[in-house]
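Student: Chain residues, written in single-letter form:
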Amino acid sequence: MNVGNVLLATAFAVLLGATGILARAYLADDDRHVGYVTMLTGTGAVALAGALAQLTYQFVVTDYSNAYVWNNTADYLPLLYRVTGVYAGNEGSILLWAALTALVAFTAGVIRGFPDRHSKLVHAITFGIVTYFVGMLLLQSPFASIRTEFANAPPGYIPTSGEGLNPLLVDPYMAIHPPVMFVSYALLTMPFAIGAAHFVSLFRGDGSVFAAWRGSVTRWLRVSWLFLTVAVALGGLWSYTVLGWGGIWAWDPVETAILVPWLFLTATVHAVVRYRPNDEYRILAPAMTATVFSLAIYTTSIVRSGTFRSVHSFADGGIGISFIVLMVLTSVLGVVVPLAYWFLQDGEATGSDGAWLTRDNLLHAAVLLFGLLTFVSLWGLSFPVLRAAVTGVEVSVESHYFNLWSYPLVGIALLLLGFYMDFDVEGRRRSLTGLAVFGTAAVAAAFVAPSETWQLSPSPPTQSPIYGVLGSISVLSILPPAAYAILGVTKRALARIPATADRGAMFKETGITAIHVGAVLLVLSLPFMYMFAGQASAMATGIASESVDTSYQDVAGTDYSVRVLDYTSNEFPQNPKPESYALSADQVAARGPSLNGTVQAVYGTVTDIRRGPQATVIQLDNSRTWVGVIQRNETTGNLSVQTGQGLVARGRLMWNFVPNADATVLASPQTIGSPANPPEGVVPTRVQVDGVSLAVYEDGKLVTSGVAGQREYPQQGNMQVRDVLIDRGLVTDTYVIAGVSDGTASMTVKQVPLMSLLRLSIVLLVAGMSTVLVFDPEHGIQTLTASTASSTDVEPETTD
Amino acid sequence: MKPRKALTIAFFVFLLGIGYLSMHSAPVLSDDNYSYHGETEWRTDFSEAEQLASEQDRPIVIYFWTTWCTYCEDYNQYVYSDPEVQAELDDFVKVAVNLDSDQGEYGRLQQRYNANYPPQHVIITPEGEQLVKISGYADREAFLNYLAKAEREYDAGDNQ
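As given, the protein sequences belong to chains A and B, one line each in that order. Just so we're aligned, residue -12 is where the first sequence starts under this note's numbering, counting upward by one. Just so we're aligned, residue 424 is where the second sequence starts under this note's numbering, counting upward by one.
Same shape as in the complex, but just chain A:
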């Protein structure tokens, strides 16, 4: 047992205790021991935070006695990426998730306390989930000893170098994306627990839970939405810069897996606004609240099951089965129970007078549209797996599936948004006219394609007629709905903001306006960015020679030309200190016979040399550690070693191998050298960075300059990561990818339109939601302290 495992075990015990006490208190309606819950969960949260800190510390100091650390980092990495290693694999990311969830659950418990049975049930569920996560970690611990990797190594063996981090994760975006995502998933635990508790309580005849928690649910959902949006955006920007994939979105299974909860969360945020205790949404809103987290778990399970060969497969395998159990548990609580209640309860929903055009119906349509969008992504993720499992037929789901189905839905959503906003301000007749005009314009525009480039997907590879029809839609058709939506949103904002009663309401309106404008700009920029991205290539040869040819290279078919100014090639680690990769004689002595038989690098000063006919032995630092070099022939055997010089060597370390020495490191002429210039066999190259300094010109004018090239990781199957050169322009980004090898640089210059619009849309989404979150007069964080949390909101909402 090490410190980390003790902390995990402690957390498991106290959280299990807290869950047990709350569950018993709920079931037996008996408040005994409930007073201890805060203390217990506080201890659990502290223990998990401690475990996370301990793991992070092990990464920072590269403590290779921990197998997970050894697997996911190496000394040559800078501090930031050593920390990234913490959540590079399954165990670490679950620990991060568990610690964050524990913190959220503990905070929620402290804020609200456990005043009634309902809150006991809600918190029993949240603590139950954290306990489950910790249980998973106990089964597959991030603190497992290195002996799990090297079962045959002698006791106490610790490697001197780590395996390194997946090269794709060596990026600033990836250092922040996973924590942001897990914060969001952790926050979703609360709405899940409240929704699930609501239906459990209804089944037990204990009445509604949701009504009293509505304010909290709204806040939890909004904060999660905010974090999830940031996480999706960071992931997209990462794929734009790291992979040279040529875009922010590729419908990779893991990308789709985070989009599914995001879409459904968006639907849920809209649905909760409509919750009223006597309305049909008294079922739908809590049900959706409970479902979001189940979807997050489902999609996480499906991508971690190893079914998909994705670029994200760095976190595959292992934890699979416990994830599937969790998936079943959360699906039952979050989906099956609410559905069962919906089936079993009788009585028609009230509140509808049969009129079609009401705000409620329009909002319902919006919720359903988001539901459909979620379904498209969810189904695309699931059906290949389901079909392969059931029929043995392996099918591929391609990006045009997602694009072609989502596009019309998004178009309809924009029309609906415009209409809703218009309807709110202008009333029935004028708004219907508006809808008719913009709707007709959209349909007409769908047929107007100036060239094939304007069509969504002119000839999709499958012959299905439906894809043929959808693929021939012109992307011009997005313009009228987008214009309509922006007009509607702006018009309503202009009508409403001046009329607001107080500052909070005004900020809220502004925030909502920003979110919706942001959403419109987002969906407007996406299709154009892909369809009108142009690219062309140019070559430059002879760049590795002394004099680089700096003449202009025209990029065929474009107005661009490029000049290669310089060529750089570097290997990392550069001049590493011997103590970072090798053991000193003292360290060898300290570790003793545990090193017997292992391959080690050692360093020290030569204090004695004894040359024999077939071998030379060299003493380090007057110690009982010697380096032995076998000389098989004269040419390689002439070792020029002198006493007093520094030495590094790598080889199998034998204990008590020869008299008068404790340890003998059996090196070969290739694995012995000076610390100033250690041979490759002692310090392998981790990263080979090749790049060219480029200047890019458009019509003879300098557009951008910088370094483009690639980083290659020889220790990780020669995996390559591109260093791209991006000029972030107002209308188009100029994006240069260069492949550099054998003295030739092949450069691809891309033009990616509308990236600025996309960046702006992300800012608007995030800023808008932050504003709403803080200033909402009813459910804002600002009003949290002032109001009591238990309002049942009989008044219908008048916004959103």
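To be clear, the hints were calculated from the coordinates, so they are not data collected in a lab. Each hint can be trusted.
Cut-off 25 Å, straight-line C-alpha distance, at most; resulting in silico cross-link-like pairs (DMTMM-like, lysine to aspartate or glutamate): (1) B:K425 / A:D266; (2) A:K688 / A:D714; (3) A:K564 / A:D62; (4) B:K428 / A:D266; (5) A:K564 / A:D595; (6) B:K425 / A:D347; (7) B:K428 / A:D347.
Stretch by stretch, here's where chain A covers chain B in the computed footprint (C-beta under 8 Å, at least three residues): (8) 425 to 432; (9) 436 to 442; (10) 450 to 462.
Here the structure is a predicted model, which means the values were calculated and not measured. All C-beta atoms, glycine included, are put in the ideal place defined by N, C-alpha and C.
We have chain A already, so just place chain B on it with the hints.
Tutor: Positioned in the frame of chain A, the structure of chain B alone reads:
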């Protein structure tokens, strides 16, 4: 009908529609029930093939192959990729038997038609009676001749 109910029903209809259409128009990468040679699809279940053959009154061609057999690769490249061969083969029910597979039925077929090495083709009637056997590699022309011969034999058998 109340508007919200109508919307919800439309939602489910749409949802099922998308689900059904997309699943059936997804490109097939590989199918456990088929073995692929050249551009042709071969069944792997002999009993199914037998049943199909007697229902449709067509002869069965059994292809004994392995993954390591170089002549099988030649069949892929030079024979099965040929449109004329493909058209001819459409008159037969095709079954591919991987000699390395430990499926019990394959072992019996191998014994029954004495196919001990790859590649071999045995063309049989739905009742299992051998019509033609091609041992080893036959080039495109020869292969077509064998197929034609098998068909003649089969038709002659039918007429008796």
